[in-house]
Structures are given as C-alpha cells and as structure tokens.
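Residues per chain are reported as follows:
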Amino acid sequence: MTEHLTFPRVARSEWTKLVSLRSTWFTLAAVAVLTVALAAVIARAVAGEVASGDQPPPDAAGAVGLAFLPLDFLVLVLGVLGVLQMSGEYQGASARVTFAAVPRRWPVLGAKALVFAALTLPVMAATALAAFLVSQGFLGDDGVSLGDPGIAGKVAGAAACPVLLGLFGLGVGALLRHTALGVTTLVAVLFVIPVLLQPALPGDLEDDVLKYVPTIAGQAMYGSLGENAPFPTLSPGASAVVLVGWVALVLAAGATLLVRRDV
Amino acid sequence: MIEVQELTKRYGDTVAVDGLTFTVAPGRVTGFLGPNGAGKSTTMRMIVGLDRPTSGAVTVNGRPYRDHRDPLHQVGALLDAGSAHRGRTARNHLLALARTHGIPAARVDEVLTLVGLASVARRRAGGFSLGMGQRLGIAAALLGDPAVVVLDEPVNGLDPDGVLWVRELLKGLAAEGRTVLVSSHLMSEMAQTAERLVVIGRGRLLADTTVDELIARAGVGSVLVRSPEAGALRDVLLAAGAGVSSDEPGVLRVTAAGAERIGDLARDHGIAVHELTPRRASLEEAYLDLTREAVEYR
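Note that the protein sequences, when read in sequence, are chains A and B. Heads up: the first sequence begins at 1 in this note's numbering, then just goes up one per residue. Heads up: the second sequence begins at 264 in this note's numbering, then just goes up one per residue.
A hint or two may mislead.
Label-pair restraints from in silico Cβ distances [claimed, not checked]:
1) 381(B) / 248(A): 42 to 48 angstroms
2) 326(B) / 208(A): 48 to 54 angstroms
3) 381(B) / 91(A): 23 to 29 angstroms
4) 126(A) / 330(B): 55 to 61 angstroms
5) 248(A) / 372(B): 37 to 43 angstroms
Facing chain B, from chain A, some residues (calculated, C-beta under 8 angstroms) [what the hints assert, rightly or not]:
6) 9
7) 16
8) 20
9) 92
10) 93
11) 101
12) 102
13) 103
14) 104
15) 184
16) 185
17) 263
Hints were generated in silico from the structure; no laboratory data involved. Virtual Cβ for every residue (Gly too), placed ideally from N, Cα, C.
Throw the hints in and build the complete structure from the sequences for me.
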C-alpha cells in the first residue's frame, strides 16, 4: 500500500478533524437534548390545553408538526456547525496545511460534506425519533403513530432537513471563508429572507415562490407548518428534492471558488 | 528540486512577485532572503500551489505541485506558525494530515518526538506558544518524509536552543540529499545555515549566489585605520572623497578608498599610521547594500 492521496483517505482525514473537536460533540448533544426536551414541553402544554378544553385536539398533521416545532430554529445550529467546518480552517492558517496536502482542494469539501452527513444523520435520526415518540406520548390518544400514513416520512424529513441545512452551511462557509460573515449570511438566507419575501412579493407570486425557499422547503419535509400554512407548500418528498438542489448548488459554487481562489 | 520560471503574482495593481526565475537544487540549504514584503511568502505559497501565479510557472521535482499524487512526500512546507486548529490536539492535527496520504500513526508520533513535542502531543494547539506552534509546523512539514522542504521563517519565536536546533535540522536534511529552501529577513541567521542564497526585493531577483560571492559582489569593504593624528587624517580622507566614520578615538573606519590609497595619502601629508587593516564587508552589510534600493522605493 503506497502512501498517496485517495478520496477515501481524505474522507478519513476529515472524519478525524470532525470528531477530534469537542465543539462538534457539544453542539450535537445540545441539539439532540434541546429538540427532544422542547418537543416534550410543547406537547405537554398542548395536551394540557386540550384536556382543559382551551383548544381543540390537533389533527394528524398538527400532532406530528408539534413534535418538530423546535427544529424550526434548531436547524440553525446544524447550519452554523456546517459553516464552521469550512470557516474554521481559515481562522488560524490550517487551510494552508489542508490544501497543501490536497492541492486539488475540491476533494476536501466533498469529504467534509460526506463525513458531516455520516456523523449528523444518525444523531438527527435518533433525535427526530425520540422527539416524535416523546411528544406523541404526551398527546396520548390525540397523537399519531409511526405506522400512520405519511408519518414515517415526516420523521425521516425531521432527521434529514437539519443535515441538509448543515451541508448548506458548509457550502456557505466554503464561499465566504469567514465565520462571522458566514453565520450572518446563513441567518439572513434561512430566517430573514423568507420573512421579507412574504410581504415583498405580490400574492400569487408569493404562492409560487415561497415553497422553494430553503427554510420553507425544509420545514415542509417534517411538517411543522401543519396544514395551516398561509401559503402552499410542496410535499415532503418534493421539498426534499428542492432542498437537496439548493445544497448541491451552494456546495458546487463553494467548490468552484475553492479551486479558483488563492488560499 | 524546485524550478521557478518567470514567476509573477499580481494582486490588483500591486506586483508581489515580478518575473522571478531561480532553481533550488537538492543537497544543500538554500536561503531565501529579502526585506519584509519582498515576496518570499507569496513565492513559497505558489511553490505548493496555494496561490496561483499570474504568469510564469513553478515545478517541484519536475512537475507542477498540484499534479503530484503524493504531495506530502514531495514537499513538506511550513508556511505559518500556528497552523493547527486551536481546539485540536497536536497529535490529532498531524493525524488528520497523515490520513490524507495513508501515512501510519506511528510516523506522527515519530515526528512529534523529533520536534520535541511528544510530551504535549495530547494538548490542544490553542494553548501552544509561538515556539511550540513553529515546532508543530515543522513536524507537519516533515511528516511525509519529503524530498523538498520549504520553511517560511522557521526560527520566528524560537528560543536560542530552538534556533540552534532548526539550524542543525536544516543542515541534516540537506545532507540527506533533500532540497531545502528556507526564508528569512535576517542575513545573520542565513549566514550560519545556508550555502546558497536567493535574494529578492520588491518581487525581483537581486542575487542567486553563494555566501562568498555575495560578499565579493557587493564590494562594500572598509579599512580600519589607527592613527595618532586621526583628526587630520580624517580631513585628508574626506577631501579625497572617502567615507569616514569613527567609533573610538584614534580609529577611523574608511570606505570608498583602498588601503594603498589611504597609506599614500597619509604619507603625502606626513601623517603617521599605526594600523591599516582592510576589512571584508560582513554578510549583513553585503545584504543591506543589495536590498537597500528595494527597501527605499517601496
């Protein structure tokens, strides 16, 4: 076995980098705990209001949506973790070491995306499942079960959406190379633009455009918008395709600039 | 072997490297000298493919760096101190680097021992001093047992022991037949380490030479003159167009006039001379002379 570059080796290298930082584990633990805990708190409160007659029991879409409401903002944490995978290289000068070792550069971004998904997907799958089971436990008879139509897909969406937005962040990090700038841009793209688009667009255009916005497509994957969204959304499957498209676009743009720019 | 051909790098209107051509041969230490901002670091980044030349080319062991399948075995580079992520341990930093090429973990421990960081291998790099960061950077450069070693200001932040260690390390690497290119803005450091010198200023090649040739070429020798009538001799020499300075009474340091001419002038004016010692320019003086213009017009 001669010692030279291969993509699997670059991936192993990036895996070593990802898991050798404490912040990776703190971040993932925080997301998992907060998602499940908040899902429990929300479901318990709703169950209480239903029991006291303050609100009607949620329908199936509403019940599953309640479980994943915390993800609406916790996806940002995964997004920031994604930004840091790339911008962290530029905070010191480790990017120079990294890209001197892998002078074609794009395999580094590819490997980062691969190992980020490999680590976060199982964590988010367990988190989504736990949040779902805990919240439906509190909702009792008003809850839904994994076997109900469309439910398993939404749980899968709740696992996949944060990972995809993390990869989106990775692409943003590759484009901007600066942590503060990258995080600010990510917040703007994920949370500010959707809010601004709604009043800015005329009504009919709004219906055509909003469902393709990354955040809204992401939320449609796990159904936190419920059936009562003020604008139409795509199905979870179609939304996943849209979000994968955004991720591919940003990562491809990031890879292109990575290869062309000086380090 | 590093071959730099007509290498040019522009950043907007600024020309960082301007038509640079030189070759760094294996088996000896080549010093890469120039004032701060001369383009040394930019050139080094272009050697390992981090910066793209505006024009010209650079090859390492016969190929552009990017075309090598095993870059870490071709070139080991130290470009910045503190090149490890602050949150990662020294060992994990090197381990991640080693894995890109399938280099075994045993080699990581080997280089950590070599640079004297074995005892802090599992400490996070964020807590490292500048000197420890330099040692970690040198460990990273040596990790792939490379044929070419490129080090940018490696003794920055090192204590005297460390400086001595780097000097011996560089000589040892060259003696093993490797190509060693090491930059510095201090001639005094290079004079003790390098056999060959590439001097640049404002991105241009000023000299590609040996230490001895550089001194001979620069020709800023002086003559030490001891005389009981130093004051009178000084006036005579100045009138003859020589440069005269004095650090102690009765002793003159004369430039732009040879020992013969000074002796003749003293005899013509009846001035006694007790000592007349031609002095070669020090390497530092030769270097300053060479780069003076490059510094002045920045």
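Now the hints, each set against the structure:
1. 381(B) / 248(A): 42 to 48 angstroms: The hint (42 to 48 angstroms, Cβ to Cβ) holds, given that residue 381(B) and residue 248(A) are roughly 44 angstroms apart.
2. 326(B) / 208(A): 48 to 54 angstroms: holds (53 angstroms)
3. 381(B) / 91(A): 23 to 29 angstroms: holds (27 angstroms)
4. 126(A) / 330(B): 55 to 61 angstroms: violated (44 angstroms)
5. 248(A) / 372(B): 37 to 43 angstroms: holds (40 angstroms)
6. 9: holds (5 angstroms)
7. 16: holds (4 angstroms)
8. 20: Cβ of residue 20(A) sits 4 angstroms from chain B, so the hint holds.
9. 92: holds (5 angstroms)
10. 93: At about 4 angstroms, which falls below the 8 angstroms cut-off, the nearest Cβ of chain B leaves the hint on residue 93(A) intact, so it holds.
11. 101: holds (5 angstroms)
12. 102: Nearest chain B Cβ about 6 angstroms off; hint holds.
13. 103: With Cβ-Cβ at 4 angstroms, under 8 angstroms, it holds.
14. 104: holds (6 angstroms)
15. 184: violated (22 angstroms)
16. 185: Interface hint status for residue 185(A): violated (22 angstroms vs cutoff 8 angstroms).
17. 263: Hint on residue 263(A): holds, closest Cβ of chain B at ~4 angstroms, below 8 angstroms.
Comparing the model with each earlier hint shows violations of hints 4, 15 and 16; every other hint is respected.
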